[in-house]
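Residue numbers (our numbering), protein chains in the order written: chain A, 1 to 393; chain B, 394 to 654.
For the record, the hints were derived by calculation from the structure and aren't laboratory data. A quick note: this is a predicted structure, and the numbers were derived from the prediction, not measured. Note that CB positions come from ideal geometry on N, CA and C, so glycine has one too. Warning: the hint list may mix true and false statements.
[Unchecked claim] Covered, in the sense of this in silico footprint (three residues per stretch, anywhere, with C-beta under 8 Å from a C-beta of chain B), are these stretches of chain A: (1) 41–53; (2) 97–109; (3) 116–128; (4) 158–170; (5) 173–187; (6) 257–265; (7) 379–391.
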Amino acid sequence: MGIKVDLDKCTGCSICVSVCPFAIIEMIDDKAQIQEGCTLCGACQEACSYEAILIEVTTETPTPNNGHHGIWVFAEQRDGRLKNVDYELLAKGRELADTLKTDLSAVCFGHNVSEIDQLVAYGADKVYLINNPALVANQEDLYTSELTRLIQEYRPEILLAGATSLGRSFIPRVAAVLRTGLTADCTGLDIDTEKRLLLQTRPTFGGNIMATIICQTRRPQMATVRPRVFKKNTPNNNRQGQIIKVDFKKEAVTSRTKLLSFIEDITEKVKLEDADIIVSGGRGLGKPENFKLIEELGGVLGAAIGSSRPPVDEGWVAYSHQVGQTGKTVGPKLYVACGISGAVQHLAGISTSEIIIAINKDPDAPIFEIATYGIVGDLFQVVPMIIKKLKSE
Amino acid sequence: MNIVVCLKQVPGTTQVKINPQTNTLIRQDIKNIVNPFDTYALEEGVRLKERYGGKVTAISMGPPQAEGMLREAIAAGADQTILLSDRAFAGADTLATAYTLAQAIKKIEGYDLVICGRQTIDGDTGQVGPELAEELGLPFIAYVNKIEETTTGQMRIQRMIEEGHELIETPLPAVISVVKEINVPRLPSLRGIIKAKDAIIPVWTAHNLGVDPSMVGLDGSATRVVKIFFPERVRHGEKLQGDLEDQVASLIEKLRKSRVI
Ligand SMILES: Cc1cc2nc3c(=O)[nH]c(=O)nc-3n(C[C@H](O)[C@H](O)[C@H](O)COP(=O)(O)OP(=O)(O)OC[C@H]3O[C@@H](n4cnc5c(N)ncnc54)[C@H](O)[C@@H]3O)c2cc1C
Ligand SMILES: Nc1ncnc2c1ncn2[C@@H]1O[C@H](COP(=O)(O)O)[C@@H](O)[C@H]1O
Chain A
1 MGIKVDLDKC TGCSICVSVC PFAIIEMIDD KAQIQEGCTL CGACQEACSY
51 EAILIEVTTE TPTPNNGHHG IWVFAEQRDG RLKNVDYELL AKGRELADTL
101 KTDLSAVCFG HNVSEIDQLV AYGADKVYLI NNPALVANQE DLYTSELTRL
151 IQEYRPEILL AGATSLGRSF IPRVAAVLRT GLTADCTGLD IDTEKRLLLQ
201 TRPTFGGNIM ATIICQTRRP QMATVRPRVF KKNTPNNNRQ GQIIKVDFKK
251 EAVTSRTKLL SFIEDITEKV KLEDADIIVS GGRGLGKPEN FKLIEELGGV
301 LGAAIGSSRP PVDEGWVAYS HQVGQTGKTV GPKLYVACGI SGAVQHLAGI
351 STSEIIIAIN KDPDAPIFEI ATYGIVGDLF QVVPMIIKKL KSE
Chain B
394 MNIVVCLKQV PGTTQVKINP QTNTLIRQDI KNIVNPFDTY ALEEGVRLKE
444 RYGGKVTAIS MGPPQAEGML REAIAAGADQ TILLSDRAFA GADTLATAYT
494 LAQAIKKIEG YDLVICGRQT IDGDTGQVGP ELAEELGLPF IAYVNKIEET
544 TTGQMRIQRM IEEGHELIET PLPAVISVVK EINVPRLPSL RGIIKAKDAI
594 IPVWTAHNLG VDPSMVGLDG SATRVVKIFF PERVRHGEKL QGDLEDQVAS
644 LIEKLRKSRV I
């Protein structure tokens with residue numbers, strides 16, 4: 001295991017220095033030297049025309065699918081209602097399953113979850129359902145042990161789950177028990193048909209760099225996927241599927257943690273993740289009262305209210321409104337960014353929006369690079385104009 | 394309370410800039426920093442110690458230069474540190490990282506709580522915390538924004554999820570991950586800086602830990618990065634022209650045409 005430079009072959013051309021995404025290769029005495037911090041990503045090896053870079057990996061036996069087959073989607077529910085991301089994952093899962101010529105199943109835990117048959121209408125061939133009053137609230141200990149048990153029993157080759165608060169918290173625990181690989185927060189999924197491998201693409205370094213990751217020898221291959229990255233299919237209510245009720249052995253598993261209470265964030269009238277139109281405000285608003293202007297425009301457009309990080313940090317608006325790398329990923333038809341500069345961490349949360357409008361007084365703000373339409377101007381002038389015009393029509 | 398805090402050294406993200414011409418990283422000024430989210434984990438550990446007594450152990454797996462970061466942790470209030478450093482640990486994914494950290498934490502006697510940051514800014518996964526909890530066989534609570542109360546063998550905490558706040562009770566020991574809302578990290582004290590200067594930072598290797606070499610580093614990793622590339626930014630942006638009234642009118646017309654409003 002490791003990376004080496006063959007000093008005889010290295011010509012000192014420095015190509016590797018410039019392609020290293022982690023900037024840890026240095027030229028010392030005209031030879032490449034790899035410093036600490038190498039992730040063995042292979043970018044340098046690929047770029048080197050002289051085959052001077054060697055990466056040794058203990059060869060693992062390929063295609064260990066031994067008895068694992070089928071794609072699973074963990075269908076998350078809250079208060080008995082399925083989440084949008086479930087349907088998005090079913091759309092992608094369907095595509096992957098068809099490529100692999102295998103079947104697609106959804107797994108759902110809850111109590112009296114409504115519209116379970118919709119999982120079939122949106123693409124599942126089978127639905128494994130555990131229906132039990134003990135699962136009304138999200139119980140991560142129970143979820144972990146039950147999902148692990150089902151995977152061990154039915155042996156899917158791929159498992160996808162939403163990168164929601166719940167998914168990001170308990171899916172890694174399932175992966176750890178199964179000692180398999182898990183890729184967080186994927187924004188792209190594909191299949192290497194020859195090797196039957198899931199190619200999982202995700203942003204790292206706050207969206208500065210994209211990485212494609214595989215899980216070669218362990219099963220299942222697991223990924224959490226950002227909401228709003230994939231589009232759901234139109235449901236087909238004539239699709240045939242099987243709903244398999246699985247027993248919940250309450251005696252066998254107990255939750256160590258106890259949920260004492262839940263305080264819902266009620267300032268979020270329209271759910272950001274599901275919204276078709278979002279109006280967001282940033283530091284450019286200057287002070288808390290000015291957030292009213294954003295709310296007013298949001299009201300006229302029937303939009304959900306978003307925010308960049310500074311207004312949340314300053315306490316102008318609750319965290320549930322934060323959009324970006326450490327907030328929510330959104331994918332509306334229309335995203336209106338007012339007084340937001342467009343830092344990569346913010347852009348990471350809005351890149352799948354269909355139309356982005358930027359209102360910013362700085363013509364060089366990076367937000368204009370990705371905005372569909374930009375207005376260079378003072379938001380305190382522009383936003384009221386938009387409101388007036390919309391109201392008058 | 395005997396508290397373990399997990400810290401990782403990362404390249405300062407905000408300085409990772411890409412040269413648009415060559416699509417490569419601009420190298421200058423990339424400094425290594427403590428993962429910002431881990432500073433909140435450390436601060437919370439130190440606050441708990443101040444409230445309930447006990448000690449804080451800061452632990453990190455990384456290259457030898459992570460020693461400097463652990464020294465800073467002492468200046469910021471940690472009592473002792475452990476650096477897990479060995480070439481055999483290189484290339485670890487979250488599974489191998491969690492396994493290695495767990496093997497070391499198991500050697501710390503009678504710990505009550507392990508605190509992680511919500512996620513790193515280089516890997517960005519947030520997976521090490523929950524995976525570590527499972528390796529240690531402990532309960533796990535993510536996104537903690539407030540520790541309400543700690544009594545013997547039990548803790549009541551508040552955490553932030555997408556929909557709001559949850560109040561949760563957990564037995565100890567447990568593993569938690571914290572968000573930045575939990576506290577405001579202090580600056581190192583003069584006394585701390587002096588203490589840090591002379592502190593001994595023990596380094597544990599794979600051999601010291603007695604780990605199975607096939608479980609650590611690249612060999613112990615289930616996942617592998619096969620490609621790295623720079624995201625394409627769609628630059629179809631159009632700045633509207635004319636005076637503001639005209640721009641607003643043309644914007645609304647465009648939106649009506651594309652039927653989004
Ligand atoms: C690890 C990490 C995670 C992060 N996660 C997130 C995240 O999830 N979400 C997020 O948003 N950020 C996140 N950030 C922060 C991010 O880097 C930026 O600091 C932040 O997005 C900037 O917010 P802003 O655009 O509102 O503020 P600024 O960058 O200060 O921009 C304000 C803009 O408003 C404009 N402006 C000022 N006055 C007016 C006016 N009167 N009319 C019109 N325009 C005006 C200015 O020209 C400027 O462009 C994160 C950072 C780190 C390091
Ligand atoms: N190499 C490491 N050494 C110590 N702690 C780590 C390491 N990697 C991750 N962690 C901890 O796990 C958290 C989540 O990391 P990640 O899963 O990489 O996003 C971090 O905030 C740290 O607290």
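We went through each hint and held it up to the structure:
With a cut-off of 8 Å between beta carbons, the stretch 41–53 of chain A has 3 residues touching chain B; three or more are needed, and the interface restraint holds. Evaluation of the coverage hint for the stretch 97–109 of chain A: breached, as 0 residues show C-beta separations to chain B shorter than 8 Å, against a requirement of three. Counting residues of the stretch 116–128 of chain A whose beta carbon lies closer than 8 Å to any beta carbon of chain B gives 0, which falls below the threshold of three, so the coverage claim is violated. Look at the stretch 158–170 of chain A against chain B: 6 of its residues bring a Cβ nearer than 8 Å to a Cβ of that chain, three or more, so the hint holds.
Interface restraint, the stretch 173–187 of chain A with chain B: holds (11 residues with C-beta to C-beta distance below 8 Å; minimum three). Evaluation of the coverage hint for the stretch 257–265 of chain A: fulfilled, as 9 residues show C-beta separations to chain B shorter than 8 Å, against a requirement of three. With 6 residues having a Cβ less than 8 Å from any Cβ of chain B, the stretch 379–391 of chain A passes the three-residue criterion, so the hint holds.
Hints 2, 3 from the list above are not met by this structure, while the remaining hints are.
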